[in-house]
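A.B. asks: Listed below, chain by chain, are the residues.
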Amino acid sequence: GAVVSQHPSWVICKSGTSVKIECRSLDFQATTMFWYRQFPKQSLMLMATSNEGSKATYEQGVEKDKFLINHASLTLSTLTVTSAHPEDSSFYICSAREPGVNTEAFFGQGTRLTVV
Amino acid sequence: DAKTTQPPSMDCAEGRAANLPCNHSTISGNEYVYWYRQIHSQGPQYIIHGLKNNETNEMASLIITEDRKSSTLILPHATLRDTAVYYCIVRVGSGAGGTSYGKLTFGQGTILTVHP
Numbered sequence: 186g187a188v189v190s191q192h193p194s195w196v197i198c199k200s201g202t203s204v205k206i207e208c209r210s211l212d213f214q215a216t217t218m219f220w221y222r223q224f225p226k227q228s229l230m231l232m233a234t235s236n237e238g239s240k241a242t243y244e245q246g247v248e249k250d251k252f253l254i255n256h257a258s259l260t261l262s263t264l265t266v267t268s269a270h271p272e273d274s275s276f277y278i279c280s281a282r283e284p285g286v287n288t289e290a291f292f293g294q295g296t297r298l299t300v301v
Numbered sequence: 020d021a022k023t024t025q026p027p028s029m030d031c032a033e034g035r036a037a038n039l040p041c042n043h044s045t046i047s048g049n050e051y052v053y054w055y056r057q058i059h060s061q062g063p064q065y066i067i068h069g070l071k072n073n074e075t076n077e078m079a080s081l082i083i084t085e086d087r088k089s090s091t092l093i094l095p096h097a098t099l100r101d102t103a104v105y106y107c108i109v110r111v112g113s114g115a116g117g118t119s120y121g122k123l124t125f126g127q128g129t130i131l132t133v134h135p
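In the order they appear, the protein sequences are chains G and Y.
When you read off a place in the first sequence, starting at 1, and then add 185, the result is the number in this note's numbering.
When you read off a place in the second sequence, starting at 1, and then add 19, the result is the number in this note's numbering.
Misleading hints may appear alongside valid ones.
[Stated by the list, open to error] Subject to a maximum C-alpha distance of 27 Å in a straight line, what follows is the list of computed DSS-like cross-link-like pairs (lysine-lysine):
1. G/LYS251 with Y/LYS122
2. Y/LYS122 with G/LYS249
3. G/LYS205 with Y/LYS122
4. Y/LYS71 with G/LYS226
5. G/LYS226 with Y/LYS22
6. G/LYS240 with Y/LYS122
Simulated from the structure, these hints should not be mistaken for laboratory data.
Produce the complete structure using the sequences and hints provided.
C.D. replies: Okay, structure coming up:
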């Protein structure tokens, strides 16, 4: 199947700093990518839909000024957690769908963010 | 997208078939059934999807009832590495289009534990 790669796999940052997470589709072009967040023992929650060349669409309750999404090319979307706080510590996961009819979405390996 | 109901947990002996049920009684005619799994601390992995016919691939089989109100994912010979959270997701097909196509709404899933 298609490959979606996230970087970094884990990151520890100080409270108040910003962290950027990259999501790349390695062998296909993705006009749309999705960002999820997962807290311990909980399911994945969609944060936003990232659209190449346009603004991201955020889910209700997700602060767009705190979670900055940039989808500058057909193979790269970035999520920047600004002014991170300990409550932002979570597992962040991106996904991208292959072009075509009824294709499946593929997920990155996730990024474990710990804010201290 | 239609809601799904899955048992919170299931056990299976190694080498035996694992049958994971999913109820989706409010599924619409243009909605597909997708199955993903998530091994601890990794991103979700696509398994299989179908509309109304039974489907089989190298990982699993998907059996959808004639009325499409429920389905069963079958792992024919479970191994210890199949221990994971399995998610059944119902989603509209390509007819809906739009930039949100590919967005997946995750429920709590079924924790499958394969034991020796």
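A.B. asks: Take the C-alpha atoms of Y/LYS122 and G/LYS249, compute the straight-line distance between them, and say whether it is at most 27 Å.
C.D. replies: Between Y/LYS122 and G/LYS249 the Cα gap is close to 18 Å, so the pair holds against 27 Å.
A.B. asks: Within 27 Å, alpha carbon to alpha carbon, are Y/LYS71 and G/LYS226?
C.D. replies: Between Y/LYS71 and G/LYS226 the Cα gap is close to 32 Å, so the pair fails against 27 Å, i.e. violated.
A.B. asks: Need the status of pair G/LYS205, Y/LYS122: alpha-carbon distance at most 27 Å?
C.D. replies: Given pair G/LYS205, Y/LYS122 holds - Cα atoms ~22 Å apart, limit 27 Å.
A.B. asks: Decide if the proposed pair is consistent with the structure: G/LYS226 and Y/LYS22, CA atoms, cutoff 27 Å inclusive.
C.D. replies: holds (20 Å)
A.B. asks: Verify the proposed pairing of G/LYS240 with Y/LYS122, using a straight-line Cα cut of 27 Å.
C.D. replies: Measuring from Cα to Cα gives roughly 16 Å; hence the hint holds.
A.B. asks: Would the hint linking G/LYS251 and Y/LYS122 be met if the CA-CA limit is 27 Å?
C.D. replies: Within the cut-off at roughly 21 Å; holds.
Figure legend: structure checked against the earlier numbered hints; the only hint not met is number 4.
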